[in-house]
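Based on the provided sequences and hints, a complete structural model is requested.
Those protein sequence lines, which keep their order, are chains A and B. Numbers 1 to 336, taken from our numbering, label the letters of the first sequence in order. Numbers 1 to 203, taken from our numbering, label the letters of the second sequence in order.
You can trust all of the hints, since none of them are fake.
Computed from the model, here is a short list of chain A residues facing chain B with C-beta under 7 Å:
no., residue
1, Ile11
2, Gln192
3, Val221
4, Ala297
Derived from the structure by calculation, the hints contain no laboratory data. C-beta: ideal position from N, C-alpha, C; glycine also.
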Amino acid sequence: MTATVPAARTIIAEDDVVTGTAVRARTWLDAGELANWCGGNGEVLVPAFAPNATIAAGTAKTWYFRVTPPGRAVRRTWHLWLTGNAALEFKDTASATQNYIIADSGTLLVYQEDLSAKSAALQTINFTLTNAASSATVTVLGVTCFEAPRITLDGDAADLGVELTTLSVREPIEARDYSSVGGIARALTSPQRRQYINIARPRTTTDAWSTTSGTLVALLVEVPILARKLLPADTSGNVRFAVYVSASDASTSGEIDVTNDATGNNITIAATTPGTGWSWVTGDFAADILCEDLTEASGWPDGALLTADPKTLSIQFRRTAGAGTFYVASIAAVEY
Amino acid sequence: MSTSAQGGLIRGVPTTLADYSDRAVRTSEWRSISNNWNHIADERSRTLVCWAAESTTTGGITNSKVPNAWQRLVSFGPFPLLVGADGRPYTVRLAVGGRSIASAYLRIGVCVAGTANEQMGLTTAPANVLETAAFNNSTNLWRIDGYVTLDAEFVNYAIANGLSGASPSSVAAVLVTVEVWAKAASTSTVYATQAYAAEQVAL
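Structure, rendered in structure tokens:
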């Protein structure tokens, strides 16, 4: 199997594909390499954010994130930026652990989470940091998680890797899965969706966002999201929001409001009596979030984020029923 | 700039092999497939950092350690950047914001892994670093945005290429960190509260 993933992308010479002219093998080889490049570079599942959260000696905190991976990754890489003279244990979603010593001047913690199965399912991932009893307090300053790149893809329905040797000069043109030009066409079905935000607080009632207010209060302000551009005339895209909620009792409800400052439109995500456990509620913001403008060097419509036209989102929450406290521990946004 | 002729996906392209069997496939279909792969690769770019403020007046990370000098507030990554057909990494669009209680500056930069201490503290911000104008404002706001492009500096990056950690391998990757630094005359007077970085196919 040689569905290798090149280090740099290629560009298919579309003008070489014209009626009445034989298409060079080189053109299709570029196409096969490009398909493998798109499939082999993983998604950033948790775009980096700064929790700025502390973990006292002898205690543990857990962060939860909602993701929809493309489904080809075999390894997730977690990178945390931490301060504090401490001994730490990192525990991943599958409860595998690794120990670290970190320094007060700032330490990059790298954890490789090797997966036992590929999955493109909507799922929750998490990590737990346990600070040893003898340590100083740890501050978690930066968190990110991305899918490690692949060096070759498999020729199967999960990876849809294109066998590059079948695109060489003098090879026959075939309509076969994972091979030749048929494999290039087949690989178009591989998911390529993008994760936009994943901001979380530790999942405890003392750390999570909380409110008893019936009036909307800020969760996140000026959130920058640029959707992936799909069709040629698109100026906006679809974004799905997932929010991890709980309440202090069985009768308290809440809601989350997501307002697009660019259009003034909003969606409301209801969390009706979530109870004292934690659960995800979801809302879809269809065809409203600005998408990338590929004619601009920055990708921002109008060329920049800071122009007279607002381009960010505001996320607020409130209690809508009951007399208890409404909690939010995590907010995610993903293309759908 | 879009590398696809249409600047977006063309709909209606068959993606099952049965649709291509036992017939002559039209040139337009193959052109559409080529267009779509070029566009998918353009939009394979990823959001690297999306840290939003939690209020308009509180939160954030402050310059608690040294006055009157550039100080790291937070480092994100390192990330392996996508590399374009010209051998250079995809452009990274950036933004940083915060508040202050005295005249202060913020910087956000994209640095090849291991070079941040040298590049982020330079007197004059290099091309891979954006620096705000001096500001003294107690509201959390985006202060500057822009984009930077790096030269490719590939390093071997260890990966696994099979499930459960099988097939240890390495790939050539351009590893970068996204850095947020600050400077003010006194400590604890400037706060970074938000940062953003995302890949973007180059013009």
